[in-house]
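Participant: Protein chains in written order, with our numbering: chain H, 1 to 111; chain L, 1001 to 1113.
By construction, these hints were calculated from the structure, which means they are not laboratory data.
In this text, all values refer to a predicted model and were calculated from it rather than measured experimentally.
Note that beta-carbon positions come from the ideal geometry of N, C-alpha and C, so glycine has one too.
Any given hint could turn out to be false.
If the Cβ cut is set under 10 Å, some of the chain L residues that face chain H in the computed set are [as the list claims (entries may be wrong)]:
(1) 1007
(2) 1044
(3) 1052
(4) 1064
(5) 1086
(6) 1092
(7) 1096
(8) 1101
(9) 1106
(10) 1112
(11) 1113
A few chain L positions that, by computed beta-carbon distances, are all more than 10 Å from chain H [said to hold, decoys possible]:
(12) 1019
(13) 1065
(14) 1070
(15) 1073
(16) 1090
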Amino acid sequence: QKEVEQNSGPLSVPEGAIASLNCTYSDRGSQSFFWYRQYSGKSPELIMFIYSNGDKEDGRFTAQLNKASQYVSLLIRDSQPSDSATYLCAVVGDNFNKFYFGSGTKLNVKP
Amino acid sequence: DVKVTQSSRYLVKRTGEKVFLECVQDMDHENMFWYRQDPGLGLRLIYFSYDVKMKEKGDIPEGYSVSREKKERFSLILESASTNQTSMYLCATNEQGRKNIQYFGAGTRLSVL
């Protein structure tokens, strides 16, 4: 049973639209939640992290966490072609050491 | 800026060879991790270490071993490389504790022929 589930996509959105990426997790004790962006052939880079229920905004990015429903999402406003990448959701359990990664959602932003 | 350096970007080895992948971090982080990433399978944890000389198996440790003799360096060893170990290998590091963002090295793409 996978710990973290993501739709593999690809998710295609036109330039300027809102891209919505979703992730569900199985461990109710999870404490920390991360979104990473990974360009083809490159390593993951951190986009957002969130620890508490609700929304967290950083520029064009908003992370949303709902612990009761065990999902975390990433919204990208005013999507740009440079946002085209695979987005990985990561969840950390209560031991704060072990990360569980989803397999990623591929996003295509069309000019 | 956290710097996580992996010794090689690309590596080609033959079946049966012993392979060393090195990772060095400059942020004095306690935790270090080795993952492999394959298409459709995402990131899978091989081993991690939370202190010098300490190690724990991840989800897929078979065929691998690790060494952490110094805090800044974490090595992944393939004792006898096989073709099914062809993959992208990623090293990561973080501090212990709740605000534990993981930082990744650039990755090593290993091909075993």
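Participant: Quick one: which hint numbers does this structure break? Sort them smallest to largest.
Facilitator: 1, 3, 4, 5, 10, 11, 16
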